[in-house]
Amino acid sequence: GGAAPFVFQVGTDTEPPAIVHTPLDDQPVSDDSRPVPALVTDNLDHGLRLVRLVHRRNAGDSTAVDLTGPAPNFRGFLPTTGLTVGDTFDYRIEAADSAMAPNIGRSPLDGWHQFRIVAGFGLIPPSGQKVWGTELTGAYHDNLASTLEFAPVDLSGFTSGTLSFQHHLDCEFFYDGGIIESSSDGGTTWQPMTPDGGYTIPHVEASNLPGFSGSFDGWRAVEADLSMWAGNPAFRVRLRFFSDTGVTGPGWYIDDLKIVDRRARLRPDRPMADSDPDGNVMVAWLPPPGYEEAPSGPVTGYHVYRATLSGSEPVRLTGEPITMRSFEDSGLPDGASWDYFVTALYASGESRLAGPATASRVQPIYAGDWSVMEAEVDSGAVLDTVLVVGNAGTGDLRVNSYAARAGQDLDDVRIKMSLVEFGAAWDTLFIDPSESDTLEADIRLIEVRQTADSLLYRLTAWRPWSDPLVDFSLAVELDRDDDITTGPRGELFGLIGARALALVGAPQGLFEHTGGSSYIHAGSLLTWSAAGGGQSAIIGFDKTGGQAPPVVRVVARVYAGASSLTEDRAPDVVTLPWLTLGTRHMEISAGQSGGQSGNLLFRLGGASVPPGLVDGTIVLETSDPVNPGVALPVALQVSSTVSAVLGRFTATPVPTGLELAWTTVEALDHLGFRLARRGVSPVATDEVMIGPELIRADGDGSTWRFLDADVRPGFQYEYRLAAVSRGGRIEWHGPFAVTMPGALIPVSMQLAPAVPNPAPGATT
28 GGAAPFVFQV
38 GTDTEPPAIV
48 HTPLDDQPVS
58 DDSRPVPALV
68 TDNLDHGLRL
78 VRLVHRRNAG
88 DSTAVDLTGP
98 APNFRGFLPT
108 TGLTVGDTFD
118 YRIEAADSAM
128 APNIGRSPLD
138 GWHQFRIVAG
148 FGLIPPSGQK
158 VWGTELTGAY
168 HDNLASTLEF
178 APVDLSGFTS
188 GTLSFQHHLD
198 CEFFYDGGII
208 ESSSDGGTTW
218 QPMTPDGGYT
228 IPHVEASNLP
238 GFSGSFDGWR
248 AVEADLSMWA
258 GNPAFRVRLR
268 FFSDTGVTGP
278 GWYIDDLKIV
288 DRRARLRPDR
298 PMADSDPDGN
308 VMVAWLPPPG
318 YEEAPSGPVT
328 GYHVYRATLS
338 GSEPVRLTGE
348 PITMRSFEDS
358 GLPDGASWDY
368 FVTALYASGE
378 SRLAGPATAS
388 RVQPIYAGDW
398 SVMEAEVDSG
408 AVLDTVLVVG
418 NAGTGDLRVN
428 SYAARAGQDL
438 DDVRIKMSLV
448 EFGAAWDTLF
458 IDPSESDTLE
468 ADIRLIEVRQ
478 TADSLLYRLT
488 AWRPWSDPLV
498 DFSLAVELDR
508 DDDITTGPRG
518 ELFGLIGARA
528 LALVGAPQGL
538 FEHTGGSSYI
548 HAGSLLTWSA
558 AGGGQSAIIG
568 FDKTGGQAPP
578 VVRVVARVYA
588 GASSLTEDRA
598 PDVVTLPWLT
608 LGTRHMEISA
618 GQSGGQSGNL
628 LFRLGGASVP
638 PGLVDGTIVL
648 ETSDPVNPGV
658 ALPVALQVSS
668 TVSAVLGRFT
678 ATPVPTGLEL
688 AWTTVEALDH
698 LGFRLARRGV
708 SPVATDEVMI
718 GPELIRADGD
728 GSTWRFLDAD
738 VRPGFQYEYR
748 LAAVSRGGRI
758 EWHGPFAVTM
768 PGALIPVSMQ
778 LAPAVPNPAP
788 GATT
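What the sequence shown shows, in this note's numbering, is residues 28 to 791, in sequence order.
If you are wondering where the hints come from, they were derived from the structure by calculation, not from laboratory data. Do not take every clue at face value.
Restraint ranges, calculated between C-beta atoms of paired labels, are given here [stated by the list, open to error]: (1) 212 with 184: 15 to 25 Å; (2) 461 with 320: 45 to 55 Å; (3) 721 with 512: 45 to 55 Å; (4) 96 with 412: 34 to 44 Å; (5) 599 with 654: 54 to 64 Å; (6) 348 with 169: 33 to 43 Å; (7) 652 with 109: 38 to 48 Å; (8) 599 with 385: 28 to 38 Å; (9) 133 with 213: 20 to 30 Å; (10) 77 with 257: 50 to 60 Å; (11) 412 with 41: 53 to 63 Å; (12) 169 with 125: 48 to 58 Å; (13) 766 with 169: 54 to 64 Å.
Even for Gly, the Cβ is constructed at its ideal location relative to N, Cα and C.
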């Protein structure tokens with residue numbers, strides 16, 4: 028509207044497309060073609076005129092082939108049939124924009140990318156033609172334990188020391204991998220060494236040790252500090268590679284290994300980046316492990332780098348070296364993400380890049396105008412409805428949904444932890460009320476503490492713990508990706524006690540959910556502590572080799588013995604039989620206010636709902652920093668008519684459990700009963716439906732029976748009966764209290780007929 032509703036500018040485009048491409052390494056002669064990927068973008072989003080690959084063999088005539096999208100990810104293939112070992116291959120990527128006079132971008136800017144055709148696995152050792160490997164002519168074998176051991180090295184005259192080598196790895200991730208070990212006594216005993224930047228993973232299944240695992244292209248440099256062994260006359264190093272049964276591959280290749288008398292240029296530890304809505308990013312890090320800063324240590328300063336596109340070349344932001352372990356980057360545009368890297372400076376040079384630490388300037392905004400939900404249904408009926416959640420900000424809005432009791436909020440249904448600083452005292456995460464006066468496994472307090480290498484969780488009970496290897500098991504679960512639906516038991520959890528002993532043959536186990544696969548193995552940092560007079564237990568998670576997540580969700584569980592039966596949980600799970608959440612997690616793009624991904628589906632009512640008014644809360648956890656938790660009250664009025672008049676209810680102990688029996692005095696349009704049970708003491712549990720969908724009468728039509736085999740001696744329960752009419756209506760009777768000690772005390776009661784009929788749905 029208005030006199031000038033549209034505004035645009037006219038000018039000359041002089042900026043060529045940007046091309047991000049990682050040059051190909053030397054290639055094996057056996058392949059018929061080589062894929063060439065490239066990320067190509069233009070400053071104006073008007074499309075690209077062409078993206079092509081120009082190539083030539085042995086400096087001969089050049090040929091061009093097109094790279095295809097969709098943009099910005101382009102891909103093409105180099106036809107390399109007929110090549111022989113020793114041939115050279117030159118290529119470059121060219122992209123033209125859609126300007127009237129097209130601007131041409133090139134990779135490289137001048138000349139050609141080049142690779143050679145080689146035999147074997149396509150690897151040319153950096154130092155020449157010689158290389159150590161697990162298998163030089165094919166794939167490594169199953170159940171391999173391969174060792175490359177070097178002769179003793181005299182470090183008597185060394186004042187410091189560095190082990191360095193180049194390596195290439197292609198093996199099955201997690202299950203197979205390699206490790207560096209050292210000996211200070213001439214080879215009698217060996218200890219694992221930690222390289223600069225740590226290992227790929229803290230646990231390789233085949234070795235039960237940390238190690239390099241997985242695969243990467245080309246060769247990568249490895250360094251490890253030997254300063255603690257300076258002066259040792261018989262220092263030794265060995266490299267070990269392990270595999271299990273199943274998948275194999277080319278393996279582990281080592282080249283250019285050397286030990287020199289200089290300090291290892293270790294990288295800074297655990298760089299982290301935090302952004303704010305105003306476009307400022309604070310980058311922070313720790314000193315290299317084991318090193319001090321000048322003047323008492325070898326670290327003279329730091330440099331900070333930023334990459335604006337994933338995979339692009341990082342650009343240095345610090346003109347001069349800085350001595351503070353933090354750096355603020357400002358004036359960044361809205362809706363973008365960046366990768367930050369940090370290096371440490373030494374008298375002998377600069378370390379490799381540590382990172383990336385990713386930061387984004389986005390602020391999703393929760394948009395929803397629902398303040399309360401009120402509905403009415405007949406007994407047994409259901410109501411399906413939708414809550415539309417919108418995102419009025421930038422970036423994706425992540426939403427998790429929880430069922431809660433009336434008056435509860437986000438802090439009652441989940442424990443969300445922001446990491447405290449290193450070396451701080453124990454920080455309280457959650458206080459759990461006592462569930463029972465007699466239950467030993469009754470969680471009272473969850474605390475957290477962070478060290479340089481570990482996350483430690485301390486669980487304290489209301490009463491002293493018993494024997495963890497026999498009587499119970501304890502678990503701490505961590506959810507690290509803002510999605511409560513991913514990963515069974517979270518992405519990572521530690522387990523100690525009888526259940527761990529049964530699962531992994533050790534008193535502690537570590538469960539990891541990575542890339543769609545789940546692994547359970549023995550965990551070295553999971554320890555039992557008798558702190559606090561036997562009332563506290565500590566579980567630790569190793570952080571070595573990776574940045575700890577800035578935010579995690581924590582769940583603690585206690586199991587009975589080695590079983591999977593949960594005795595206690597913090598926070599407690601809330602089950603509302605009349606409220607079913609159909610959507611537990613969703614991610615809503617910026618500006619999206621509708622559509623399937625923005626709809627929270629839920630159902631009200633059901634056969635297990637008693638008549639009367641019930642209420643509760645739907646709690647939404649969002650990534651909106653202003654509204655991280657939204658509580659939505661829900662109230663449901665359930666109406667009912669009487670279809671049966673209950674007479675006598677009895678509970679009789681039998682060797683296999685409790686036999687429940689009841690009679691009806693009068694039945695109108697009646698099909699049968701459903702049965703609900705809840706625990707009263709020593710453990711209070713939510714009510715659940717038990718038995719078949721419909722319990723029918725015995726031969727006389729007025730007597731009903733059910734055997735409840737899932738009961739425990741010494742526990743008290745409450746039962747309720749739901750009478751189901753032929754029209755699907757439900758009426759509830761009870762509750763009936765039953766105690767089952769070692770020698771059961773039966774409960775028997777006589778109920779008078781309900782008058783008038785119909786009458787209220789609860790008869791007592």
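Can you let me know if the beta-carbon spacing of residue 169 and residue 125 is within 48 to 58 Å?
For residue 125 against residue 169, whose Cβ atoms are near 55 Å apart, the range 48 to 58 Å holds.
Quiz item: Taking 54 to 64 Å as the hint, is the beta-carbon distance of residue 599 and residue 654 inside that range?
Solution: violated, 24 Å
Cβ-Cβ distance between residue 652 and residue 109: within 38 to 48 Å?
-> Violated, at about 59 Å.
query: Is the gap between the beta carbons of residue 412 and residue 41 within 53 to 63 Å?
result: holds, 56 Å
Does 20 to 30 Å hold as the CB distance between residue 133 and residue 213, or does it fail? Violated, at about 56 Å.
Verdict for residue 348, residue 169 (Cβ pair) under range 33 to 43 Å:
With a Cβ separation near 50 Å, residue 348 and residue 169 fall outside 33 to 43 Å, so the hint is violated.
Check: Honestly, do residue 721 and residue 512 meet the 45 to 55 Å range at C-beta?
Finding: violated, 32 Å
task: Take the C-beta atom of residue 461 and the C-beta atom of residue 320, compute their distance, and say whether it sits inside 45 to 55 Å.
output: Once the Cβ atoms are compared, 49 Å apart, the range 45 to 55 Å for residue 320 and residue 461 holds.
Cβ distance range 54 to 64 Å for residue 766 and residue 169, holds or violated:
For residue 169 against residue 766, whose Cβ atoms are near 58 Å apart, the range 54 to 64 Å holds.
Exercise. How does the Cβ-Cβ distance of residue 599 and residue 385 compare with 28 to 38 Å: does it lie in that range?
Worked result: At 35 Å between Cβs, range holds.
Is it true that the C-beta distance of residue 96 to residue 412 lies inside 34 to 44 Å, as the hint says? holds, 42 Å
Does the Cβ distance between residue 212 and residue 184 fall inside 15 to 25 Å?
-> holds, 19 Å
Violated hints, in rising order: 3, 5, 6, 7 and 9; the structure is consistent with all others.
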